[in-house]
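Asks: Bring the two chains, given one by one in their own frames, into a single complex with the hints.
Residue numbers (our numbering), protein chains in the order written: chain A, 602 to 715; chain B, 45 to 158.
The set of hints was computed from the structure by calculation and includes no laboratory data. Be aware that one or more of the hints could be misleading.
Label pairs and their computed distance ranges (CB to CB) [as the list claims (entries may be wrong)]:
no., chain 1, residue 1, chain 2, residue 2, range
1, B, Ser71, A, Ser629, 31 to 37 Å
2, A, Ser641, B, Phe104, 23 to 29 Å
3, A, Gln646, B, His111, 37 to 43 Å
4, B, Gly84, A, Gln646, 15 to 21 Å
5, A, Glu616, B, Arg107, 44 to 50 Å
Simulated crosslink set (DMTMM-like; lysine to aspartate or glutamate; CA at most 20 Å straight-line) [to be verified]:
no., chain 1, residue 1, chain 2, residue 2
6, A, Lys643, B, Glu146
7, A, Lys707, B, Asp129
8, A, Lys672, A, Asp656
9, A, Lys643, B, Asp106
10, A, Lys657, B, Glu146
11, A, Lys707, A, Asp656
12, B, Lys57, B, Glu119
Note that CB positions come from ideal geometry on N, CA and C, so glycine has one too.
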Amino acid sequence: GENVGLHLPTLSVQEGDNSIINCAYSNSASDYFIWYKQESGKGPQFIIDIRSNMDKRQGQRVTVLLNKTVKHLSLQIAATQPGDSAVYFCAENPNNQAGTALIFGKGTTLSVSS
Amino acid sequence: DAGVTQSPTHLIKTRGQQVTLRCSPKSGHDTVSWYQQALGQGPQFIFQYYEEEERQRGNFPDRFSGHQFPNYSSELNVNALLLGDSALYLCASSWGAGTNTEAFFGQGTRLTVV
Numbered sequence: 602g603e604n605v606g607l608h609l610p611t612l613s614v615q616e617g618d619n620s621i622i623n624c625a626y627s628n629s630a631s632d633y634f635i636w637y638k639q640e641s642g643k644g645p646q647f648i649i650d651i652r653s654n655m656d657k658r659q660g661q662r663v664t665v666l667l668n669k670t671v672k673h674l675s676l677q678i679a680a681t682q683p684g685d686s687a688v689y690f691c692a693e694n695p696n697n698q699a700g701t702a703l704i705f706g707k708g709t710t711l712s713v714s715s
Numbered sequence: 045d046a047g048v049t050q051s052p053t054h055l056i057k058t059r060g061q062q063v064t065l066r067c068s069p070k071s072g073h074d075t076v077s078w079y080q081q082a083l084g085q086g087p088q089f090i091f092q093y094y095e096e097e098e099r100q101r102g103n104f105p106d107r108f109s110g111h112q113f114p115n116y117s118s119e120l121n122v123n124a125l126l127l128g129d130s131a132l133y134l135c136a137s138s139w140g141a142g143t144n145t146e147a148f149f150g151q152g153t154r155l156t157v158v
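If we strip away everything but chain B, and leave its shape as in the complex, we get (with noise of 0.2 Å):
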């Protein structure tokens, strides 16, 4: 049973690009959460997606953007990229919106921004 999987593991994007993340949740979890993990803090929570639709939003400009597929898949999106956007985005999945369960992190990908 595969667990979270993100790709791709690395990123090095130029400032003003735009950015797209995947992920894939754990088998038989349909919720999708984004965080970010600037280097040596704890990971800050970007937006949940449940139902295709995003359940949840942190405090994060319109710039960050997400989608979740019918397969429960989901991309992050980032536009207009500033330098400040590099860190580690890590896409977690759980089970239920509405509920408190277990949430699995993927390995991250780590996004440089030059």
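This is chain A alone, in the form it adopts within the complex (with noise of 0.2 Å):
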């Protein structure tokens, strides 16, 4: 099975409104955490990153909070435009010192309406 997972494959909500993309993790060796962005026909965009030594980070519209206990790792998108409209990816890299290889789980899609 895959090592990360997202809980809802589908989101809608309207604009302006406050998004929350919700993903679980089971490898609790991972110490190092990113959020992509994918619109359709283009490859994954980097939104954001969190090392396990944190438990939020924070950019321009994007929270990223990291739950160690549960393995639970979310997206907030703040004021969701219409343009943010797309899938959302989050992806782990097992801490293997090999590389830096990442997992990606299946992708939730946000739909924001006006």
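Replies: So, in structure tokens, the structure goes:
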């Protein structure tokens, strides 16, 4: 099975609402996590990352929360805009010293209606 | 500053043929990773190259091979193509194979095997 998964395959919100996308991971040794946004026909776009020694990290309109106790990751998007509509993936690095391969979940499709 | 560039953008091949995909990393990056993304799925790690050597490999058969050149660009080769190899092939670049840093993706190559 996959180490990284998302709770909901789709999420629909109204423009201006706050969005929360969740992700559960199973590898307790993972020490680095990234959220990516992927629009149709494009490659994944880096949004924000967080290391395992942190609980929270903020970017522009986005916040990532990491709960290592329950192995849960979330991405919060403030004032969601139509341009935020995309598939969102969380990815983890299982702390393999040989390299920095990322393990992705299946993604959550965010639909923003105006 | 160009980001990660991949060529070609689209490709159609026949079963049994061989294909070569190319990737130029983001300026300043020395590590290249390749991922396969089937329709509706998250990217799956194929392998990672650093210092012209394969540093890490995912669960893909030997039909998948790669190369990294002294200028850090990379190629992905797939032999004896199967219908199931049809996917979006993504290249990601980062700095330093042994450290967790931002990985940036290219737009991908859409491979169709008929």
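Asks: Please go over all the hints and tell whether each is borne out by the structure.
Replies: Consistency of the hints with the structure:
| no. | hint | result |
| --- | --- | --- |
| 1 | B/Ser71 with A/Ser629: 31 to 37 Å | 36 Å, holds |
| 2 | A/Ser641 with B/Phe104: 23 to 29 Å | 25 Å, holds |
| 3 | A/Gln646 with B/His111: 37 to 43 Å | 27 Å, violated |
| 4 | B/Gly84 with A/Gln646: 15 to 21 Å | 18 Å, holds |
| 5 | A/Glu616 with B/Arg107: 44 to 50 Å | 46 Å, holds |
| 6 | A/Lys643 with B/Glu146 | 18 Å, holds |
| 7 | A/Lys707 with B/Asp129 | 18 Å, holds |
| 8 | A/Lys672 with A/Asp656 | 11 Å, holds |
| 9 | A/Lys643 with B/Asp106 | 27 Å, violated |
| 10 | A/Lys657 with B/Glu146 | 17 Å, holds |
| 11 | A/Lys707 with A/Asp656 | 23 Å, violated |
| 12 | B/Lys57 with B/Glu119 | 17 Å, holds |
In summary, the numbered hints that this structure violates are 3, 9 and 11.
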